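Engineer: Residues per chain, in single letters:
Number of protein chains: 2
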Amino acid sequence: MNAILNETHDPALRSWVASANRDGTDFPIQNLPFGVFRRAGSGEALRIGVAIGDQIADLDGLVQAGVLDTLAPGTRAAIAGQTSLNALMALGRPAWSALRLALSQLLRAGADEMPAALVAQADAEYALPARIGDYTDFYTSIHHATAVGRLFRPDEPLLPNYKWVPIGYHGRASSIGVSGQQFRRPLGQTRAPGATAPSFGPCKRLDYELEVGIFIGAGNALGEPIAIGAAEQAVFGLCLLNDWSARDLQAWEYQPLGPFLAKNFASTISPWVVTLEALAPYRAAWQRNADDPQPLPYLDDASLRISGAFDITLEVAIQSAAMRSAGEPAARVSQSNFRDSYWTVSQLVAHHTVNGCNLQPGDLLGSGTQSGPDADQAGSLLELTAGGKQTIDVGGEARTFLEDGDCVVMRGWAEAEGRPRIGFGEVSGTVLPAAGGLALRA
Amino acid sequence: MNAILNETHDPALRSWVASANRDGTDFPIQNLPFGVFRRAGSGEALRIGVAIGDQIADLDGLVQAGVLDTLAPGTRAAIAGQTSLNALMALGRPAWSALRLALSQLLRAGADEMPAALVAQADAEYALPARIGDYTDFYTSIHHATAVGRLFRPDEPLLPNYKWVPIGYHGRASSIGVSGQQFRRPLGQTRAPGATAPSFGPCKRLDYELEVGIFIGAGNALGEPIAIGAAEQAVFGLCLLNDWSARDLQAWEYQPLGPFLAKNFASTISPWVVTLEALAPYRAAWQRNADDPQPLPYLDDASLRISGAFDITLEVAIQSAAMRSAGEPAARVSQSNFRDSYWTVSQLVAHHTVNGCNLQPGDLLGSGTQSGPDADQAGSLLELTAGGKQTIDVGGEARTFLEDGDCVVMRGWAEAEGRPRIGFGEVSGTVLPAAGGLALRA
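Going line by line, the protein sequences match chains A and B. Convert by adding 24 to the 1-based position in the first sequence; the result is the number in my numbering. Convert by adding 24 to the 1-based position in the second sequence; the result is the number in my numbering.
Watch out, some of these pointers could steer you wrong.
One copy or two, it doesn't matter: identical chains are merged, so the pair holds either way.
[What the hints assert, rightly or not] Here are the simulated SDA-like cross-link-like pairs (lysine to any residue), alpha carbons at most 20 Å apart as the crow flies:
| hint | residue 1 | residue 2 |
| --- | --- | --- |
| 1 | 187 | 224 |
| 2 | 187 | 217 |
| 3 | 187 | 219 |
| 4 | 413 | 400 |
Derived from the structure by calculation, the hints contain no laboratory data. As the structure is a prediction and not an experimental result, all values here were calculated from the model.
Work the whole structure out from these sequences, hints included.
Structural biologist: As structure tokens, then:
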């Protein structure tokens, strides 16, 4: 790490925001993730904030107060009065780094305290951190790809291209919502085994997918690929992503062009975007076994072999409607780690652009479902229940797939002995019953 | 047709713009397609225009001149000073219809002539007509699906879901350009037959796809499907779309999640969007054979069975670099008709939203490659050359797939005896050589 990173990551740093110094907080002063918020129900304009302990530092307020005047005017303009992170994302890594350092200096213990610039997270409501132009979902967990492949193709679980191509496909940007999203169980076509004709009705195999979201920063022009060595310069940060999936719709529709209505009814992301600089102490070697092929040169980079991955623990919990009524918290159903991904963030960016495809500030990449090597580390119910053949326990209730009223909560964090925890907060979303009208028509 | 449509489609209507009255023009006064333009090289702000003969009526200028004051203030605000059609698209069908009538009355013979409001198309440059939020590509030609399926699955060319599900997948919005787009031949992974490892380099099987683009107007909220009877109310209009494809990249990457880098390096659309009202005289029955299954109720509508399709002739022509140097025009390679599509525009909209997915103003749907029932009506080189096994003649040159310097020109029009032709103009795009640097690394 360079000098600035060393300074902002100093484990001894403490903040004048007391809650940022508590053990177990996701948001110590070493984190400083970005989001877009306003006071709940206030009707105020949305603005950019940074999470610190259980508070949010209002960046518009800090610019107005003149305490960010050491930053370039372009950086201040990309913060003040902005209702999304897109302008800041477009500035690129040096601007993000300068802003991180300035915020670290403003918020650390000993600096002038500015309580007026804080809003309690408990009083806030969030918007999507960015206007997402295009959303691409990848399939980077070899454990997930193998487990799902086994359900559909027992003789060939992992396809021949998997270890060469970071498999991805385009998703739907318009239906991405921020944590707290509620959506109706989707309606659609399914075909029962052995039936000749499909039937129409509510999805019966509704699932979540535990993913990491990757926000693109500066991007690239059409026709100008991003080389793998420069790929992380194009990434603003990471968030949590739940890519809801309708497994029964998917099985019937996905040949030959891939998932469509099975995926595009809703996807939910966390409000906070954790920068790659904040995650710098939590890098890990990329995952390859000795007998795995070496990546093609455009996907290979010596330094990334050593530190291309991120050591981020990921967790899924479910709270049923009954549990919510009883005041019981969501019950954990699995845990995995982003470190076990076969493809790294930089490989995704290099692959996505190698054909000239342009990425733009605010574009979102999904990592694909993050499942670990063990069966209980699966990032979807499809895997945890072996395709719905066995149930799992959710706070005393049996589940194969999601039921109406289920709230799925995902969390993520990086931690190590002697280092502050860098957390993502959480992303939650709730399943509402299917719409009635159209279902009755079929 | 209702009274307004009857008035704007009156075959006897003539314009004070002389070129709009010439036989064979794509843009008589009965058409009035919308686009976004400025004087080429002027650096002026982009603005909304309507094609009339070989001219463009500057709608911003018409609002400023006060001659559209009969329109609702909201409609004028959605035109004046706008650099895209999104705001106008969001207003919905009644506003579009009122604007069409007002423009028809302003531009018809006998009205006050306003030559100052015209810009010659020869002097204009175009931008994308709308900010495209999400792009979805369908697969509506059963002739294309069968022909392509035969190449990959001789024993089962058409999959069991085809006649039940309007197959679609999400595409890339960021790389969509307007007619005149030039793009580098994409680089990527391919695997030779029998090889164990892939190789990296320029695409060798570069193709076009002849499609109709469908621009969404008012759209729907998340969770609120658009019923098929209301689906056309959500459609602003149609354009031409060339969905460039890298067949060799696609063959290696597309399992199990569909096409990705094979498609997202470029897509090109025509500058003009022809409204559904302009196409009202050219409706046709939807295509079903007696032994085809009846659509599920959410995809069925009595009136659309009679008139759900559009009778639009589509054409592809190619001009090689040598032909261009010699001043030879593009040579026609095939012709098909949108009428032969298995699924209609309204079925695509109803299907896309039945699960609650939200469509937004400016979203683009692609029809998928439009191939007719005869082999020479194929809308791609993949089909015309039987997967590259035979060549076709292009102005004296042999082609299997596209070569560097090839310019592909697509045209579309609706015509019938005694009725003015409703044309789409054209969409053209040119293949540049692959980038050198990365190719050398592999």
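Engineer: Now look at each hint and say whether the structure bears it out.
Structural biologist: Okay, the hints, checked on the actual structure:
| no. | hint | verdict |
| --- | --- | --- |
| 1 | 187 / 224 | between (37 Å within a copy, 15 Å between copies) |
| 2 | 187 / 217 | between (32 Å within a copy, 18 Å between copies) |
| 3 | 187 / 219 | between (36 Å within a copy, 15 Å between copies) |
| 4 | 413 / 400 | within (15 Å within a copy, 50 Å between copies) |
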